[in-house]
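Given chain A, work out where chain B should sit, using these hints.
Protein sequence lines correspond, in order, to chains A and B.
If you read the first sequence in the numbering used here, its first letter stands for residue 1, the second for the next number, and so on.
If you read the second sequence in the numbering used here, its first letter stands for residue 1, the second for the next number, and so on.
In short, the hints are calculated from the structure, not lab data.
For clarity, every value in this text was computed on a predicted model and none was experimentally measured.
Glycine included, every Cβ here is placed at the ideal spot set by N, Cα and C.
Some hints could be false.
Listed below are several chain A residues computed to face chain B (Cβ distance under 7 Å; list not exhaustive) [as the list claims (entries may be wrong)]:
| id | residue |
| --- | --- |
| 1 | D126 |
| 2 | V127 |
| 3 | H129 |
| 4 | Q133 |
| 5 | T134 |
| 6 | F148 |
| 7 | L226 |
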Amino acid sequence: MSVKYLAGLSDYLIPPPNEIVVLITRKSGDFLFPAINTTLVAVAGHFLAILVAAAVAFLARTGSRFANMVRTAAYNLQAYPVVAIAPIVFIFLGDGLASRLLIASLICYFPLLLSFLGIFSDPVTDVEHFFYQTGRLDSLTELAIRTFENLDKIITVVAGSATLAMVGTIVAEFLAATNGIGYVIRKSLYQNNLAVILASLFFIGLCSSMYLMAVETAGKIVKSRLLR
Amino acid sequence: MEIICQDLSFSYPEGDHALFTGLNFSISGGGFFSFFGLSGSGKSTLARLIGGLLQPDSGQIKKDGVVNGLLSYNTERLPGWMTVEEHLKKVVCPGRELLLDELITRFGLRDFIEHKFTRLSMGQKNRANLVRYLVQDFDLLIADEVLANVDEPSRNSILAFIKRRFPSKTFIYISHNANEVALFSKLIFVLPQAGPNGISSLVVISGLDAFGPEETDHSIVGDKILEILRASSQGHW
Numbered sequence: 001m002s003v004k005y006l007a008g009l010s011d012y013l014i015p016p017p018n019e020i021v022v023l024i025t026r027k028s029g030d031f032l033f034p035a036i037n038t039t040l041v042a043v044a045g046h047f048l049a050i051l052v053a054a055a056v057a058f059l060a061r062t063g064s065r066f067a068n069m070v071r072t073a074a075y076n077l078q079a080y081p082v083v084a085i086a087p088i089v090f091i092f093l094g095d096g097l098a099s100r101l102l103i104a105s106l107i108c109y110f111p112l113l114l115s116f117l118g119i120f121s122d123p124v125t126d127v128e129h130f131f132y133q134t135g136r137l138d139s140l141t142e143l144a145i146r147t148f149e150n151l152d153k154i155i156t157v158v159a160g161s162a163t164l165a166m167v168g169t170i171v172a173e174f175l176a177a178t179n180g181i182g183y184v185i186r187k188s189l190y191q192n193n194l195a196v197i198l199a200s201l202f203f204i205g206l207c208s209s210m211y212l213m214a215v216e217t218a219g220k221i222v223k224s225r226l227l228r
Numbered sequence: 001m002e003i004i005c006q007d008l009s010f011s012y013p014e015g016d017h018a019l020f021t022g023l024n025f026s027i028s029g030g031g032f033f034s035f036f037g038l039s040g041s042g043k044s045t046l047a048r049l050i051g052g053l054l055q056p057d058s059g060q061i062k063k064d065g066v067v068n069g070l071l072s073y074n075t076e077r078l079p080g081w082m083t084v085e086e087h088l089k090k091v092v093c094p095g096r097e098l099l100l101d102e103l104i105t106r107f108g109l110r111d112f113i114e115h116k117f118t119r120l121s122m123g124q125k126n127r128a129n130l131v132r133y134l135v136q137d138f139d140l141l142i143a144d145e146v147l148a149n150v151d152e153p154s155r156n157s158i159l160a161f162i163k164r165r166f167p168s169k170t171f172i173y174i175s176h177n178a179n180e181v182a183l184f185s186k187l188i189f190v191l192p193q194a195g196p197n198g199i200s201s202l203v204v205i206s207g208l209d210a211f212g213p214e215e216t217d218h219s220i221v222g223d224k225i226l227e228i229l230r231a232s233s234q235g236h237w
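Okay, chain A solo, but in the shape it has when bound (with noise of 0.2 Å):
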């Protein structure tokens, strides 16, 4: 608002913020639920991305030669913007519920994976010494030690991703698909309504902000409970 009052700019660039605010009052249910469906698919993509993350970087953690492969195709498969392939998730997938899903998974996959695996191939030598002479390091323990030992960063890599996921969702859905607030931001761009875009605009920032809260208030209270 400063830089359109600053910068002298008409009603028709920025609309002034009492008809946003008006917009936003007599018409929340118009971006609130759309902003709810895209936040919930982002949750849902976030989800998908940390699991098939960890698995994978647990299975990547070793020197094999699987491993070795996996982490060469996570280095160069993040080189492909996501948003460049999101056409074609929607061309094989439709405008449904599944390309966003996968879209939204995507974008954030790749820094939860690189993350993951630096972690999990990571050893943490002081707590897996006793078990690895003592013949009781198995997979499962390696992983709960290197997961412990490393929440503050696996907590920091997720909160982090979050933002990514409801990024990537918006992104998809302004491409190509027909729910969620992205679609309505398309919608209003082809009726030059710059009053709906700003007024989707905070509800993104209103809905990403409490999921990030919620995901970082989550890590605090795994956190407490593990080291009460």
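Quick look at chain B alone, frame taken from chain A:
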């Protein structure tokens, strides 16, 4: 039981010179043995070579009669998500539960056994770590400064107890404390300062093999300490 090091040579890839060159020595039978030397002399490296964590560049280490050899060091940590008691009960070998109970009492762990490892002091952590090794099935235990943060009276009490409780087991104890090494060890293997060609022999000194300072004359202990310190500070290469 016998541990024989034959023509052992080892150097770290990033090191300027060899640490051990053609080293030969042996440890026979059960009992309490020690490695002593100045900081950086190679005590821990030798322990890791014997424990199998490092491989020598050449030569061999034979461990006849050693079915289960364990190596413990002082920076080890117990898993942080369970209490000390939970962990010890989980790792105690079958049939050694009474031994575990005895060790917990003798090592002064009773008062804080329900705490998590991170809440313990350094000395308590060292003791908890040692207990879990002592309740394993082992023939050889290499203890690399495992009591480094424990006060001296407690250390003396613990070492005396270990010697009495496990007379047939072999312990290789690594310590910077010349007094306890002199008192408790059957033999002390002193690592001299390594020259550019590495250490090729150890100075073997008979220890007092006692069960505490009250069993020996102070002057004898003092002489033994001097002998150990002289050997460690000379460059025998």
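Interface hint for Q133 (chain A), Cβ within 7 Å of any Cβ on chain B: Where the cut-off is 7 Å and the nearest Cβ of chain B is about 5 Å from Q133 (chain A), the hint holds.
Have a go at the F148 (chain A) hint: is there a Cβ in chain B nearer than 7 Å to its own Cβ? Hint holds; F148 (chain A) Cβ to chain B Cβ min 5 Å, cut 7 Å.
Hint check: is the beta carbon of T134 (chain A) less than 7 Å from a beta carbon of chain B? 6 Å, holds
Go through the hint on L226 (chain A) and say holds or violated, using the shortest Cβ distance to chain B against 7 Å. 5 Å, holds
Have a go at the D126 (chain A) hint: is there a Cβ in chain B nearer than 7 Å to its own Cβ? 5 Å, holds
So, as I understand it, the hint says V127 (chain A) touches chain B; can you test that by seeing if any CB pair is closer than 7 Å? At 5 Å from the nearest chain B Cβ, V127 (chain A) passes the 7 Å test, so the hint holds.
Minimum beta-carbon distance criterion (7 Å), H129 (chain A) to chain B: 6 Å, holds
The structure fails none of the hints (numbered hints given earlier).
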